[in-house]
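Sequences and hints are given; from them, build the entire structure.
2 protein chains.
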Amino acid sequence: MPTVKKRPSAQVINYGNKYYLVDCGEGTQVQLRKQKISLLKINHIFISHLHGDHYFGLIGLVNSMHLLGRTKELNIYAPKGMTAIIDVQLNAANARLNYKIIYHELTEKQSVCIYDEKGLEIHTIPLKHRIYTNGFLFKEKPLLRKMKQEKIAYYEIPHYKINDIKEGADFIDKNGEVIPNTHLTFPPAPSLSYAYCSDTAYKEDIVPLLSNVDALYHEATFLENEKDLAKKTFHSTVRQAAAIANKSKASALYIGHFSARYTTEHYAQFLQEAKEVFEQTKIANEGDIIALRP
Amino acid sequence: MPTVKKRPSAQVINYGNKYYLVDCGEGTQVQLRKQKISLLKINHIFISHLHGDHYFGLIGLVNSMHLLGRTKELNIYAPKGMTAIIDVQLNAANARLNYKIIYHELTEKQSVCIYDEKGLEIHTIPLKHRIYTNGFLFKEKPLLRKMKQEKIAYYEIPHYKINDIKEGADFIDKNGEVIPNTHLTFPPAPSLSYAYCSDTAYKEDIVPLLSNVDALYHEATFLENEKDLAKKTFHSTVRQAAAIANKSKASALYIGHFSARYTTEHYAQFLQEAKEVFEQTKIANEGDIIALRP
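Order-wise, the sequence lines are chains A and X. Under my numbering, the first residue of the first sequence is numbered 1, with each subsequent residue one higher. Under my numbering, the first residue of the second sequence is numbered 295, with each subsequent residue one higher.
Simulated from the structure, these hints should not be mistaken for lab results. Everything numeric in this text was worked out from a predicted model, so none of it was measured. One or more of the hints may lead you astray.
Claimed, not checked - Below, computed lysine-lysine pairings styled on BS3-like, alpha-carbon distance capped at 30 Å: (1) Lys-5/A <-> Lys-366/X; (2) Lys-299/X <-> Lys-5/A; (3) Lys-300/X <-> Lys-18/A; (4) Lys-282/A <-> Lys-5/A; (5) Lys-232/A <-> Lys-394/X; (6) Lys-394/X <-> Lys-6/A; (7) Lys-18/A <-> Lys-141/A.
Stated by the list, open to error - Covered stretches of chain A, as calculated for chain X (at least 3 residues, CB under 8 Å): (8) 2-13; (9) 44-52; (10) 55-69; (11) 81-90; (12) 191-203.
For every residue, glycine included, the Cβ atom is placed at its ideal position computed from N, Cα and C.
Shown next, in the form of structure tokens:
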């Protein structure tokens with residue numbers, strides 16, 4: 001529930017100068033402005049599920065993009081039902097957008113790849129909530145290997161071969177000798193990944209999907225003493241979030257989506273309960289910017 | 295379009311300890327909290343038209359009222375179409391509210407009385423916009439006349455007669471003589487009225503409805519030099535707003551709904567252009583509280 005101090009869910013993933021919006025609670029467009037993120041730079045929006053705290057801001061964002069003169073297509077990945085919700089409101093206003101929305105209505109119960117462009121894949125993470133819900137896994141594709149610069153001159157490697165070698169090819173020099181790739185290159189920087197998991201009950205079978213994730217956002221609606229309520233409402237306790245991070249061998253866990261019953265005064269307790277299970281836990285504060293690759 | 299500095303339309307009318315919400319742009323529920331107005335005190339919501347800047351916050355408010363434990367009926371007065379917009383979103387969430395919404399879908403093209411309770415009437419003001427739009431006129435009913443206290447003892451007026459006399463009845467004393475009401479009472483305080491007119495092109499035929507209104511809020515989307523654009527988009531210039539106030543013999547005009555092209559630096563010009571036509575003009579600033587009866 002939005003209050004003066006707490007806004008509903010929305011995150012932006014910035015990769016390769018592209019901006020991906022995940023969830024869009026009421027007021028998200030104003031939060032984007034506060035963060036100086038141009039509304040028009042967002043071309044892909046991912047909605048986890050059709051509870052209002054995760055999408056009530058979408059229609060306003062769609063409308064503002066129109067008012068700002070957008071002409072570029074907008075992709076919306078959301079559970080089936082979102083198209084009707086947007087359409088009924090555009091029709092009521094007798095409005096025709098200046099740009100096209102491409103709806104990707106999600107219905108799969110298994111993890112599927114829903115986005116695959118140069119450098120980046122995005123997969124759904126099937127979650128367990130009161131209604132159909134997906135998390136989203138952002139996976140950087142393997143990066144290019146790095147050339148050992150001195151080898152280029154030494155073996156007289158022509159410019160047009162460089163990219164193949166960075167992708168792993170061996171090189172045949174002027175004497176017909178095969179120079180193995182590992183002799184010419186350093187291994188690439190590790191590929192990064194980020195997983196967004198909200199809202200969900202404890203669901204251990206997502207662990208293989210999250211294996212070695214660099215950063216995991218996992219909802220932690222309740223403290224441990226409300227374990228029964230968490231189960232009943234299909235949410236997680238903070239210990240359960242930490243257990244998923246631990247089993248996934250995540251590098252870092254960010255927790256949020258705390259119940260309205262809690263205030264910032266409870267953050268220490270959330271962290272304490274989490275860290276008993278998974279040390280690298282942090283609170284996901286509003287406005288935080290987290291760099292996975294500094 | 296909501297920005298960090300400007301929020302979309304919403305006003306609260308407080309009369310007799312009741313709170314009436316007029317329009318509900320995105321973020322209104324948070325603005326209500328900032329103004330310390332309990333969401334649960336609002337039992338009647340009036341939506342002028344189905345453009346997003348006037349209602350995108352409604353579904354979130356409806357949802358939060360549910361989360362806050364509301365059980366009391368909520369009345370929504372809005373153009374036909376609002377029921378479907380709310381329902382498609384409640385259905386998508388598989389949600390059932392703990393309280394009942396009573397929809398009053400408006401379709402009349404003439405002014406109609408849509409609310410009539412002790413002390414207060416609310417009438418629609420048919421406006422002229424790109425889609426079906428109503429303003430709302432809040433009219434206090436005639437107040438009771440005030441007893442001249444010394445007459446009660448002098449004529450030995452029994453207690454149970456007092457209310458009739460306040461309502462205008464004459465009194466027959468113990469000698470059978472008719473004491474005229476004007477001899478026993480002072481005239482009542484004048485009844486107050488408030489009119490909300492947004493969004494609309496210049497529409498002179500609403501003037502009789504607004505006759506002698508104590509406060510008029512009228513949209514003033516453009517300055518005079520954008521008169522053609524105002525006409526084309528079915529909005530008003532500030533001079534046109536002032537002309538309506540002038541012809542209506544309003545006591546005060548509040549202007550707002552300025553186009554996104556303007557900033558607070560233009561307020562002086564808005565006021566200047568308005569005051570050339572109607573002196574008692576003020577800017578309707580966010581968060582302003584205006585007392586009609588101090």
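Claimed coverage, the segment 81-90 of chain A by chain X - three or more beta carbons nearer than 8 Å = holds (count 6)
key: chain X over the segment 55-69 of chain A, status - at least 3 residues with CB closer than 8 Å   = n = 8 at 8 Å, threshold three: holds.
query = If you draw a straight line from the CA of Lys-394/X to the CA of Lys-6/A, is it 30 Å or shorter?
reply = Answer holds: Lys-394/X to Lys-6/A is near 27 Å, not above 30 Å.
key: chain X covers the segment 44-52 of chain A, three or more CB atoms within 8 Å, holds or violated   = holds (count 3)
request  = For the pair we were handed, Lys-18/A and Lys-141/A, check the Cα-Cα distance against 30 Å.
outcome  = holds (15 Å)
key: Per-stretch coverage check for the segment 2-13 of chain A, three Cβ contacts closer than 8 Å to chain X   = holds (count 3)
ask   = Between Lys-299/X and Lys-5/A, is the straight-line Cα distance small enough, at 30 Å or below?
value = holds (17 Å)
query = Lys-300/X and Lys-18/A: Cα distance at most 30 Å?
reply = holds (27 Å)
request  = Below or equal to 30 Å on CA atoms is what counts here, so check Lys-232/A against Lys-394/X.
outcome  = holds (25 Å)
request  = Take a quick look at whether Lys-282/A and Lys-5/A sit within 30 Å of each other, Cα to Cα.
outcome  = holds (19 Å)
Given hint Lys-366/X paired with Lys-5/A - CA-CA distance at most 30 Å = holds (27 Å)
task = Verify the coverage statement for the segment 191-203 of chain A against chain X, using a C-beta to C-beta distance below 8 Å and requiring 3 or more qualifying residues.
result = Since three or more residues must qualify, the claim that chain X covers the segment 191-203 of chain A is violated, with 0 doing so at under 8 Å.
When each numbered hint is compared with the structure, a violation occurs for hint 12 only.
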